[in-house]
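In order, the protein sequence lines correspond to chains S and P.
Numbering follows this note's numbering, with no gaps: position 192 of the first sequence is 192.
Quick note: to get this note's numbering, add 393 to the position in the second sequence (first position is 1).
Read the hints as simulated data drawn from the structure, not as lab findings.
In this text, a Cβ means the ideal position worked out from N, Cα and C, and glycines have one as well.
Accuracy of the hints is not assured; some may be wrong.
Simulated coverage check for chain S against chain P, where a stretch passes if three residues somewhere in it have a Cβ under 8 Å from a Cβ of chain P [claimed, not checked]:
{"id": "1", "segment": "265 to 275"}
{"id": "2", "segment": "285 to 294"}
Stretches of chain P that chain S covers, calculated by requiring three or more beta carbons in the stretch to come under 8 Å of a beta carbon on chain S [what the hints assert, rightly or not]:
{"id": "3", "segment": "415 to 421"}
{"id": "4", "segment": "444 to 457"}
{"id": "5", "segment": "563 to 576"}
Pulled from the structure, derived: some chain P residues nowhere near chain S, Cβ distances all over 10 Å [said to hold, decoys possible]:
{"id": "6", "residue": "Ala404"}
{"id": "7", "residue": "Leu613"}
{"id": "8", "residue": "Glu703"}
{"id": "9", "residue": "Arg707"}
{"id": "10", "residue": "Gly735"}
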Amino acid sequence: MSDKIHFFATPHRCTAAILPFDLEERLKHWTSLRLKMVKHVHENFTRDEWAYLVAFLDGANLRKPFQESFGESVNGGQPQPAALLRPRGLIGIWLPNNVSLLGPLTLLLASFSGNPLWVKVGSSSGDLTAAFVDYAIQSLPVGTLAGYLRQRVRIERFDRQDLRNRQMAAEANVRVVFGSDPAVSAIHALPHPPNSIGISFGNHRSEAWVEKEALTDESLANLIRVFAIYGQAGCTSPRRVVVLDGSDEDALALQKSLVRLWPKAVRADVPMHNTSQNIMELQLALAQGWHANSAPRNGAMVAAGRIGLPEPTGLMSLSVVSASLNEAVATLPTNIQTIGHCLHNPHDPRWLDLIARTPAKRFVPIEAMHHFGPVWDGGNYWRQFFEEVELQS
Amino acid sequence: MTNLLASPPFAPRDEAGFLNGMEEICRWHLAGCPEYRRVWPDWSGATRLADLPFLHVGVFKRQLWKTAVPGITHQRTLRSSSTTQSSASMIALDERSSALQGQSSAAILKEIVGDAMRPLVILDSAQSLRQRGEISARITAAMSLRFLASEIHFVLDDVEAEADWDHLLPVLARHQRLLVYGFTWILWRAWATGQIPEKVRQALVQTEVHFVHSGGWKKLESARVDRKRFDAALLATVGPTSRVTDYYGLVEQVGVIFPLCEAGYYHVPRWAGVLVRDPWTLEPPADQPGLLQFMNLLSWGAPYHSVLTEDLGRLVPGDCACKRCGQRFELLGRVPKAETRGCANV
């Protein structure tokens, strides 16, 4: 497939992008995969993960990087672009052990840049990225996407000491690094081309802000489901729920509701080691002064208490506190990523004022907390897969 | 309690009396330990062992629990030998409990290895004894055999080092019987697969050695060393009447040890109890494996008298071929760890 120029436009600007594939064909091939995926869940994925991938492969969702970065596709006419976007070249993607769906999702979005990819996956865990690419190669129709995944995407498993880290950094035009903050710094500190760029997805945590008048059983079930996918291991999972301008009794009432609704929202048992950890976390929380209960069948530990108590840290431990708006902002962790909200009026301008005072990177409805896209951790990283040529006629 | 310790450890016992004793110790800790009281605010009594309060083994890694009651004097803190995977348990030792725990371990060990005095060789470093304010669980286990020791010899400078075989040679020249204690993996590394000099080897094959080990098999599982291979490797180095005894015990329940009998079961002394709980419901399942919970009547300085572990096991009904009375159980390993998936913070 030779390079093809695609045009995109917003009401104020037209952009050209040179892509080594036909965009409509690539969209068609990725979305065609959904039809096969809905028939069975891949063994490496949980049902929730697989369902999310299927939803992510919706054509409208896959167009979003282009829409949010360049505008709507333009077919026909005489476009006068103000910029030409050109793929930067090799993208190196470093994934830690046990990384979540963020691995396959990043790869999927990167495939729309047309850049070759070199992906380092964790050295000691089941890996979703390689599993998904293998599955896609076997399931896709013959065409440029299958060819791209087979020939232009290199996935290797090695550890942080391996010399290939150095080689990747030396060759990549873009470094996308998932990992702990020290691991991210270590990769970016490796010798790399002077014009290359580094994109960091380091340690983050998230929380949910709710107003009691906005809560329903349905919204609470959403909160439970969003939390239960990864528990505290997910950087976009809420570790604590803040009842804004609520009382201690409000926090306690919410905690009781969550425990009551838990088995309706999450039907599967958690693994045995999680039940054991939940028992431990329950006892520690109680000893420290939280009002705490286990969800039925020890599926989680939910604790209500005051800001300032030591926060439970178990994988499936969720804490609920009440706070004024100022307290909520003041007690946000410095590495806050997403604030999921369930508010009476999320369009109220006061929320914008409030979020402007925080380091949060996302302020989205609770059910969208895990939704990954071209804007992440504070920037449009996807757009940076291209270099921009200014055009003036 | 004194009555219980006065009788042999594996003699029959009055079950109602044991339940009453456990109720008494639970009330003691509820009165003297505010954190414990917050965990079990509504408990008022039990009609069965399963209704007694307990603490999960992991809580001892996160905070130091103490029961402050007149008559209890806390001494040193016992620390488990932490691995790189987990932090250490911290147990506040006290005079009253330590005395009972010493009697308990002595009674059980005497039942296992006999009461003849002989040199005790410890495969560990003496340095562990010298830490002020703290004591390691490995050394505590080793030193529980000292009442049978005519002399004590530490033969490792470091647990990763080779044994000091030269130190052992004169001991072997003077004695025909030895007691050797080591953590299971240390005994395997330093003795069973150690480089024993020929002179020492010749002396050992003329010595009756009773190896006693504990600490679990986790580290040997990856090396695919099972009990049969372990015992055979040790016994191949020593005299023909030598023996190997494994026992199970919790750092969090010092003094109570559960010897593995020749029929393959761990036995519970009459001042202790064991329960199995379903991990999801915490109910005791009938004849099914589950999480093991251990109880004893010895622990008065902190609420570690009833501890839910992350070890899986099964209670075995009926009489044991080894003739010991009381409860017995099979150990089925640790709770399996499933992969935790997440983001950068995993």
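Hint by hint, here is what the structure shows:
1. 265 to 275: holds (count 6)
2. 285 to 294: Coverage by chain P holds for the segment 285 to 294 of chain S (4 residues, Cβ < 8 Å).
3. 415 to 421: It is violated, with 0 qualifying residues against the three required.
4. 444 to 457: n = 7 at 8 Å, threshold three: holds.
5. 563 to 576: That given contact is violated, which follows from only 0 residues of the segment 563 to 576 of chain P lying within Cβ reach (below 8 Å) of chain S.
6. Ala404: 33 Å, holds
7. Leu613: With a cut-off of 10 Å, Leu613 (chain P) remains clear of chain S, as the shortest Cβ separation is near 20 Å.
8. Glu703: 5 Å, violated
9. Arg707: 15 Å, holds
10. Gly735: The assertion about Gly735 (chain P) is violated, with a minimum of 3 Å to chain S.
Of the numbered hints listed earlier, those contradicted by the structure are 3, 5, 8, 10.
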